Structures are given as C-alpha cells and as structure tokens.
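Asks: Put together the whole structure using the sequences plus the hints.
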Amino acid sequence: MKISLNWIKQFTDVNLSVDELVKKIGAQLGAVEEVIDLEERYRGIFVAQVVSCEKHPNADKLNVCKIDDGGQAKDIERDDNGLVQVVCGAPNVRVGLKVAWLPPGVTVPSTADKDPFVLGSRELRGVMSSGMLASSAELAIGDDHGGIAELDTPAEPGTYFAEAYELNDYIIDIENKMFTHRPDCFGILGVAREIAGIQGIKFTSPDWYKSSLGRIKPESSKITLDVRNGATELVPRFMAVALSDLRVGPSPFIIQTYLARVGLKPINNIVDVTNYLMYLTGQPTHAYDANKLRIISGTNDTVKLETRMSRAGDKVMLLNGKEVELKDNSTILITSNDIPVAIGGVMGGKDTQVDENTKDIVLECANFDMYSIRRTSMKYGLFTDGVTRFNKGQSALQNDVVTEEAVTTLIYVAGGHVASDVVDIKNKQFEISPVKVSSEFVNERLGLELSTVEMSELLANVEFTVKVSGTELSISHPYWRTDIEIAEDIVEEVGRLHGFDRLPIQLPRRSIKPVERDKLLALKTDIRHTLAKAGANEVLTYGFVHRNLLDKNGQSRKEAFELGNALSPSLQYYRTSLTPSLLEKVHVNVKLGYGQFAIFEIGKSHIKGQQDQREVTVPMEFNAVSLVFAADEKTSKSYNGAVFYQANLYLDTLARACRTQIIKRPANDEVLRSNPVLSHVAAPYDLSRSAIVCDINGTVFGIVGEFKQSVAKSLKLPQYSAGFEIGLRALQSKSNDATYKPLSRFPKAEQDLSLRVSSDTRYADVKVLLDEELGKLTGLNIYANIAPVDIFQKDNNKHITFRLTAAHNEKTMQTAEVSGLLDKLATIASQKLGSERL
Amino acid sequence: MSYENSRVSDVANILHARASSLVNKAEILKAVELKGLLAELPTLPVEQRASFGKDINHLKQELQNIVNESADTQERLATIDVTAPFDVNVNGHRPELLPSTGGSIHPLMTEMDAILDIFYRMGFNAVESRQIDDDYHMFESLNFPEGHPARDDYDTFMTTDGLIAPAHTSTMQNRVLKKYKENLEKNEPIAVVIPGRVFRNEDLDATHEHTFYQLEGVYVDKGVNAGHLIATLKTFLEEYYQQQLKVKTQPFYFPFTEPSFEFAISRPESLRKGTGTEDDDWLELLGCGMVHPNVLRMAGIDPEIYTGFAWGVGIDRLVLMKYGIEDIRHFESAKLDFLRQFA
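Quick note, the sequences are listed as chains A and B, same order.
Numbering follows our numbering, in which position 687 of the first sequence is assigned residue number 687; successive positions increment by one, without gaps.
Numbering follows our numbering, in which position 20 of the second sequence is assigned residue number 1020; successive positions increment by one, without gaps.
Source of the hints: derived by calculation from the structure; they are not laboratory data.
Bear in mind the structure is a predicted one, so any value in this text is a computation, not a measurement.
Idealized CB from N, CA, C, for every residue including glycine.
Take these hints with a grain of salt, some might be off.
What the hints assert, rightly or not - In silico SDA-like links for lysine to any residue, alpha-carbon gap of 20 Å or less: (1) 177/A / 1201/B; (2) 1054/B / 569/A; (3) 634/A / 1077/B; (4) 379/A / 1151/B; (5) 558/A / 673/A; (6) 1060/B / 709/A; (7) 1179/B / 620/A.
Said to hold, decoys possible - Covered, in the sense of this in silico footprint (three residues per stretch, anywhere, with C-beta under 8 Å from a C-beta of chain A), are these stretches of chain B: (8) 1096-1108; (9) 1131-1142; (10) 1160-1174; (11) 1180-1191; (12) 1221-1227; (13) 1330-1343.
As the list claims (entries may be wrong) - What follows is a list of derived Cβ distance ranges for each label pair: (14) 520/A / 1094/B: 31 to 39 Å; (15) 454/A / 1282/B: 23 to 31 Å; (16) 202/A / 1270/B: 42 to 50 Å; (17) 70/A / 1273/B: 45 to 53 Å; (18) 1185/B / 204/A: 44 to 52 Å; (19) 1042/B / 40/A: 56 to 64 Å; (20) 801/A / 1208/B: 58 to 66 Å; (21) 1202/B / 509/A: 33 to 41 Å; (22) 565/A / 1302/B: 35 to 43 Å; (23) 1185/B / 520/A: 19 to 27 Å; (24) 454/A / 1238/B: 25 to 33 Å; (25) 1273/B / 520/A: 36 to 44 Å.
Replies: If you want it as structure tokens, here you go:
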C-alpha cells in the first residue's frame, strides 16, 4: 500500500521527520518497503506560461514558443523581455497556456527510475530550444503523450511545479501483507488514522465518512432504475444511483497527480473520482454508462441492474479487453436483462464502460463476500485494485457514506445532477457488538501495567468507543474495522499503539528438569557423523522427482503421490524411496572429476496406501538413509572383489555405530512381493547381487547391493557402483549400549581353522554356527572370538579360513586347549553343514 | 498407455513383435519404421504434430526400456555370497572405507543441529516436521479458514489426492500442542521446536528455492506475554551469533498469531564485510507472534488460562549469510565441489 504523506496530512498532523515517521510505521504499523522523495523527482520543474507561439521556420509540426517563468530559472538564455525560447511539437500548445517547463539540467520525471534522461539546451532545426514543455506522460502522471499537460493551477509562472501540485511529497510503501486483516488500511483514511494513533494523536474522521449527511437529493427522475439483488448470499449490500448530464473529460490536474503518485492511472474524471475514493476509503465503486445499460436492458425507459450467480457458459467482455467465459455457478455477476455486464467486485465490463461520449451514469457501490471474490480472482487470474480491497472484507457500513461522497465529488468535477433515487438493498443487519476485556487480560499478555484510562485513550485515538467500569473495558470498534472480534484483537491494538518496542522483555520461567532429546533427530545426527567419518558426503536432494526417474528405477508411478500443481515435470512426484535420487547425482560428480566417492542422504519417502498408524488421515512417512558408493572405471581397478562389499562395509560400519545387529539374507522376489515398501526401496537393486537387511528378529528393513544394468545404463552409473537403503526405525529401536567384558591379564592365543564347504553354503551359515557353538564351549571365563581371514573359491568348493583368538581370565590358554576348541567346532560344522576341515 | 495416433500404434505393434525375436535388443532402436515416423512429423497438420510427437517419444521410451531390461538378464559376473564380509579370492584385499578427511555433513544439517542444540540447552523439546500433510494441519488448525486470503501468501504444492506439501513447519503446531498438553496439567510449560523441510511453489533461481528448511518454535504457559517472546528470540540469536544484538519487531499479520511480528536483528559482526557502514542494517530473520486463541482452542488448550508464543525461522538464509554462498541452488545440487568445502 503506497501512501502519500501529503494526502495523509490532509487528515492528521505528523509531528515527526520522515525518517522518524518511517521508523515508527515500521515498528507500529508494518514493514516499509520503500520511501520515494517525490520532490526530488520534480526538482527544477516550473509552472510557466506561453506568451507567444509561432510556427517553426524549418519544420511544419514544430512551434517556437516564448515562455514566462517569472524569471526564476538560473543561468538560462532569455530574450529582452526575460522570456525563454522553447521549441514544442505538441498540437495543443497555444498562447496563454500554463505548462510544466523542464529547464536544461532537469531530469525527465518519467525516466527517473530506469534510465534518467537529463535535458539540455539544443538547436532543433536551427532554432535554439531551452529544455522542454512536458506531457502528462513525461511528468509520470498519465499515459497521454498526445500533447503537453495543460495546467489548471492558479499559481503564478515561476512557481515550482511540485509546489503547485503538492508534489513536495513522500511516498511510503508499506507491505500489504501486514494489512491482510485490515480492510480499512487499504485506504488513505485508514492509514492516516493509524499514523495518528501511533503518534498518540486523536484522529477524527471527516464528517462525511462518519455517517450519512443526507446530501444526495434527486433533482430529477430522468432515469428509472430497476435494481435487484439476486445473489443475496454473497452480496450483503448493493447500492446504486443514477447521475445525468455529466461532462466527461480529464480530471482536475491535482486529482490526476494524487492518483499517479500512489500508482493509479488517471483515465477520465468519472473513473478518476471512483478510483480516488477507493484509494481514500478502501471501498471500490463502479460507474456504468447508463445509456449503454439501457440499451442492454432492452427497454426505453428503465435501466436494469441485477446481481446474480454465474451460469457455466456465461460470457463477459471485461474492461481489460479480455472475454471471460464463466466455468460454473460460483461467481457473482452484475447483469442487465440477464446479460452479464461486469464481474461483481472484480472488474467492470467493456460494453458499459464510461467513455468520452458518456452523459449519464449509474454508480454502483456494493459489498461482496471476500471469499467469493478471492475464488473468482484466482479462478480467472483477475487481480485488480478492487479485488485487493474486497478480498480483505470491506465493511458494508461504509457503502452509504462512500456513495454520498462519490456523488458529491462527481457533480463537483463533472457537473450533472442526481437523476434517480438511491437504491440501497441490504440483506442483513450490520451490527457492532462490543468486545469486553479486562485491563489485566491485556496487561498480562503484553507484560505491561497500563491503566484503563491509558488503554481507553490509545483506543479512542483511532476512534474506538470505550466504556470503562472498574477494570473492565467494553469496546465498540468503529464500523470500518471488520477485524476486531475477540479480546486478543484488543491486545494487539493496545500493544501496537503503545509500541511493541516499549514492552519489558524478560525470559520465561523454566524448570531445571533436563530436556529429553528427540530420538529420531538424535539418530539422524549420529548417522551423519558416522558416515561422514567414514569418508562419505551427506547430500540433500529434492523430495519431488520426475516420473522418468521412477520409471527408470522400476518404481510404480501409481503408488507415488503426484503434485497437481508441480513447477515442472521434473518435480511432479513424491519420491517413493531415496536411492534413485542419489543415483541421479552420481554422474554429475563423476563428470566433476571425482574418481570415487560415497554420497548419502537421510530423508523421507512416501507411498500411496501406506497410512500413518497413529494418524489415519495422513500417509506414513518412511525415514530412511541411503548411501551410494561409486568408483569410475580407472579408480575401480584398484579394488579387488565385487563392489557389493564396498556398500556392505558402509552398512556394517553404520550398524556397528548404531549398535544395531543386522542380518543379511540373499534377496529374492518373494520377499519383495509381500512388502510394498521394500519393493519400492529395492526396485533399482539387482536382486541377484543384493542382500535383504533384517534385524535379529528377521524383520526386513532395507537392502544392500549392486544396481540393475538397466538402472546403471539409464542413469550413466559407473560399473563399480553399489549402495544401500534402510529404514531408520530398526536402527532407532534397537540401539543399546556397548557390552564390556573385563580384560584378561593373560596372553591371547591364536589359531586358524580352514573349512571346505560347497559353494552354495553361505558364509553367514558357517559363521553363525561357529559363533553359537563357540559361545557354548567357552563360558564366562574365556574370551574367544573368530574372524574370517580368507575365502577362496574354486570349482564348486569354498574354502573359508577363520582365526580364533582366545584368552582365559584366570590362566594362560594352552595351545592344546585352543586346538581342542577348533576340533570341536570343526566336528560340529562337519555334522551340520557337511564341511570338511583342511 | 495407449497411443493417440493409430499410425504410431501400428508401428509400435510391429516393433514390439520384432524386438521379442531379436538377440541384440539394441538393434530395435535403429528400426527404419521409427525413422519413418520422425520423417512424417513435419508433413502433418500443425494441430496434430504435438500429439504425434508425444506418441513417438513414448514409443522410443518403450523400446529403450526393452533394451535396458534385456541388459539385466545378461549373464555378466560371478555370483557373490552377500552374507560374507568380503569377496572370494581377493588375496587378503578387503573393502575399504574412503579416507575420513573427504567426508562431510551437509551445511544445512550442521546448522540445524547447532540451532537445535541451543534450544535443547534452553529447555525446548524437539519434534521433526512432516513432509506431506493434510489441509487441517497446514491451514485449518492454524486459523486459516477455507478461502481465506492469507492462504494466498503460502504458494502450496497440492497432491492430486488433496494432500499438501507443507509450506511451513507450523503444520506441526496442532500436533505438538496436543502432544505436550499434559505438561500444562503438570504446571510445566510447553516448549517445543520443530525442525523440518518445507516447500513453496516458487520458481527456482539463485535466491529462491521451492524446497528449504525451517525451524518452528512454540511456547505455552500461564502468563506468557509478548516480552517473553522477544526475550527468548533475542537470547537464541545472541547465543547463535555469540554476541549481543539489537533487536526490533515490526507488526505483521499471520492468521495463527495475534499479535504477529517480523523480528529483525542488527547485523552481527561476523556478517559484516565493510567498515561499520552496515551498523544500521537490520536483518529480518523470522516471523513470530502470540499464539492465536483459536489455535490453542483447536488443540484443546483454554486460551483464557494459557497464552503462548510461536515463531518460524528459515535455516537456508542463515547458512547463505554465514558462508556468503552465492546461489541457494547449491544446497540441493549434491555437488561434491560444494559439499567437500564443509568437510
């Protein structure tokens, strides 16, 4: 909301410098986005009068003018009479005209923001011209390039232009967001009232705004209005009145400058008056050409105007020249003889527009449902000053006062008469119910100790009516404030007007009870530290993916949540697992020259049909960690063995750090089919070279392995790539502390055991068996551990060599004792697994 | 998916049949029929071209999938024992972790953890935010009625099932208030922070991300006032920047707080490049306010007895400023050139 300080000052005193005021507005009203010094923009421009005007000797369309600037401009070439010579090409230049003269050295205002153009003295076809006479467009006031601006000021030549038109002004742009709940602050009056309030000055609205003064007196009944409200639900109040015999033309120049300085375009005096009042009060009004309406009405003697809800297929040609076809029955239309002539509260229609030939008008001043206006605006992409105001919920109680002021102003600037009765259709009673609040309630929430008198004064400054009884305040808000409903609204009001920057600040009380850290967040932190320490790099990637990524990884699109309003196809689906996002980032980094790396992400994925167990209205969120290891062709030559074991090592490292025991089983289709979540997680993995990851109870929680050739190919992965993805739930719930055994004072003994098994026997089967049996054989006094040393495979046989390390708590282990243990282990392995000791 | 143009669908049938008989499936991509379709494209009426082109692309993708799948079934490497810690016949070689010096934690997560740590020390619990939510939590429970213009300020992504990619971590407020309501009964405050990833339907450029991180905070107790809010945020930011700061509030509007503020601090020393000219430079860091009574009420907390405050702070911006990162898009780029600078 751009405000003009001069406009504000018409309604309240401002006792602060601009800087101080801007600071105060920031602290007590809303963030200031920009301050523009308008005087700067119009500096050096004079009001001048054309004294003589003769045809240019060498150019048909140019005139050579002598202008009187009251002798004010310095260092300028003048004739004997003190006049300045300016060449002007405007068709409307003539003797006696008052003009805006831009002397040499002055910047053309319309160019000030982008590419400042500074005028000079120069010859135009052999005739010297000092500066220029400006058009409205060059003055950044109107669009009119057709001729120079014809000034209507009584000011003497030589008066500064800025002074003559009150342009020695500041424009302060306050962020609109702050006013989302403040319909009144979309008008100068509303902001002026607040500026008074925050300065502690009592504000008084103009009489005409406080209540109707009964100024509209029909002088004729030349126009018969037939006004109906067929959309009573969404149009609480609809007012209309006809005016006849107006003279359409440009507005007084001062009005044009006021519109222009706050960003509105002057159009003609009728439209300008409606815009001016909208900007003053926040209440939009609309003027229809009465004659055009009458023709649409299909009668000779009556002008019909009716609101109704739209029907699919209704069409209306709007003021912006675009035709809108209505999609459904949810838009408020203004119609005549059932034919749409405007979209209510949003935009007027082209067919009933006021133009230079208009004589009679119908003025509409209505109140529309804010939600309906917003829906229509969004649905048809129509964003107008009217929408900005109506969708904040304007007060229906200002329709009559604004109508009255509009009619009075229209007649003042365009002549004419009131030519009908004022139609006022109200569909409900608009009542203001007082809010009751105690001073304690307010003080408690602000940490203040204001008296009821102090509070009443703050509120009365912005025209609230306050009745005090003891510590209780009964507060009636002025009719234009539609945002005051509850006691907390009064807290805001008092706090803001008093100054939030003056509140005593103090920390809340707290107990010394320790805070419990969130387990999931703590786990995530642990994981990122563990994996980073293991040389991996944490990445973050988007949670939304392209459908091609799902396709390439063999993930069913049907089970992925799809965005209805995605920014681009590459962000259209919620990912159903994390690994594909990482795979997509492998090639990028290979190209950047990284020969080997491991990237990981801790994130969430979502699958349709998997609802949250505690909250059935929302989908389950799967917290997982995925890691991908990759080495390019050159680097991978230094590795021995399948890349699976690289990813596997990272997984084991992580599990160990989380003190979680995991079990790996060869992957197969069957497990996936019964587990919809795992089927998404496992989709990019080559099952023949992957293991399903389970907890010790056999609950599956992820996969580790190499990737399918199709995936590798389509995502340009190096051959030597593998990864894992596991759910965090298993890690979290299984976390426990380290286990400790007392140290032995006696030396350890070591011996190897080599077993030959068939190549289909899994390593884990052998290891688990040996671990179990070793546990049974050793008991509490012996610390013993077996670890793999080598695995050798030839033909259909696998040789696995383990090293047993053992120590006794109370004595030195004898070689024979260790051998004995190994013998027993070998025997059992032979019985249970058919292995042969080598 | 079916084809819109029967011409393409006929060719598709021919090529699918041929592909099934090929040994080297890759040859199907060179089929003359496919080239024929492409050649036809410019000869078609303009209005048909888009749909025809789409069909051709679809067919190409189908054939590419056939080729890719065929690669999966090819025998390539010796089978491995996935239950073993290392491969067979590797002569004592073992898989190895990469050097820990190259490892790194994402700077956004480092910062989030540092901020969480401050709030833990200040006595706050923490709960992570959701990344897909419903209208009730994202809007309704936060006092945004259906159709409210304030919803316009949150350019939310919606799924075709009517779910929402949350545009702020406030989407957890109702849950958190309900979860910790029992604190109030025990005469203890509700003090919770909510870190999480949020989404806005915003075009991507050097300073705008559609995916970013926030930390929400909410504090409810008897007798909580706006001065407590300002003091809490000031304390947090002074701890975060390790120095005393000037702070100021600007009135603002959020439907879920009343009153609402924007909270700004004087630019901390560590973020000053120049020579004191930035003294008067205020950084607007977060939005905050007193929890709206309707929000408390919807969580079953009596606003006559209890009051509270809430805030939300964007993490990305703090990190951008801290390191002078020039482009917000680096965060989700997964580029090691970027990430390893934070090793």
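Asks: Take the hints in turn and mark each one as holding or not.
Replies: Here's how the hints hold up against the structure:
Among the hinted pairs, residue 177/A with residue 1201/B is consistent with the structure: their alpha-carbon atoms are about 18 Å apart, no more than 20 Å. Simply put, residue 1054/B and residue 569/A have alpha-carbon atoms about 14 Å apart, close enough for the 20 Å limit, and the pair holds. Between the alpha carbons of residue 634/A and residue 1077/B the distance comes to roughly 19 Å, so the proposed pair stays at or under 20 Å and holds. Taking the CA atoms of residue 379/A and residue 1151/B, the gap is near 14 Å; set against the 20 Å cutoff, the hint holds.
Restraint check for residue 558/A and residue 673/A: the C-alpha separation of about 16 Å stays at or below 20 Å, so the hint holds. For the proposed pair residue 1060/B and residue 709/A, the alpha carbon gap of about 19 Å is at most 20 Å, so the pair holds. Of the supplied pair hints, the one linking residue 1179/B and residue 620/A holds, its CA atoms being roughly 18 Å apart against a limit of 20 Å. Look at the stretch 1096-1108 of chain B against chain A: 12 of its residues bring a Cβ nearer than 8 Å to a Cβ of that chain, three or more, so the hint holds.
Beta-carbon proximity to chain A at under 8 Å applies to 6 residues in the stretch 1131-1142 of chain B; the threshold of 3 is reached and the given coverage holds. Coverage of the stretch 1160-1174 of chain B by chain A holds in this model, with 4 residues showing a Cβ closer than 8 Å to a Cβ of that chain against a need of three. For the stretch 1180-1191 of chain B, the assignment as covered by chain A holds, since 3 residues bring a beta-carbon within under 8 Å of that chain's beta-carbons and 3 suffice. Three residues within the 8 Å Cβ limit are the bar, and the stretch 1221-1227 of chain B against chain A gives 6, so the coverage statement holds.
Given a C-beta distance limit of less than 8 Å, the hint that chain A covers the stretch 1330-1343 of chain B holds, as 10 residues qualify and 3 suffice. Judged by the Cβ atoms, the range 31 to 39 Å given for residue 520/A and residue 1094/B holds: they are separated by roughly 33 Å. Evaluation of the 23 to 31 Å hint for residue 454/A and residue 1282/B yields a pass: the beta carbon distance comes to about 29 Å. Between residue 202/A and residue 1270/B the C-beta distance comes to about 46 Å, which sits within the given range of 42 to 50 Å.
Taken as a hint, the range 45 to 53 Å holds for the pair residue 70/A and residue 1273/B, whose Cβ atoms sit roughly 51 Å apart. Taking the beta carbon of each, residue 1185/B and residue 204/A are about 50 Å apart, inside 44 to 52 Å as hinted. Taking 56 to 64 Å as the suggested C-beta distance range, the pair residue 1042/B and residue 40/A conforms, at roughly 58 Å. Distance hint for residue 801/A and residue 1208/B: a CB-CB separation of about 59 Å, consistent with the stated range 58 to 66 Å.
Hint check: residue 1202/B to residue 509/A, Cβ distance near 40 Å, so the stated range 33 to 41 Å holds. In this structure, residue 565/A and residue 1302/B meet the distance hint of 35 to 43 Å, their C-beta atoms being roughly 38 Å apart. Between residue 1185/B and residue 520/A the C-beta distance comes to about 25 Å, which sits within the given range of 19 to 27 Å. Between residue 454/A and residue 1238/B the Cβ separation comes to about 32 Å, which falls inside the hinted range of 25 to 33 Å.
Look at residue 1273/B against residue 520/A: about 39 Å separates their beta carbons, and that is inside 36 to 44 Å.
Going through the hint list in order, the structure satisfies each hint without exception.
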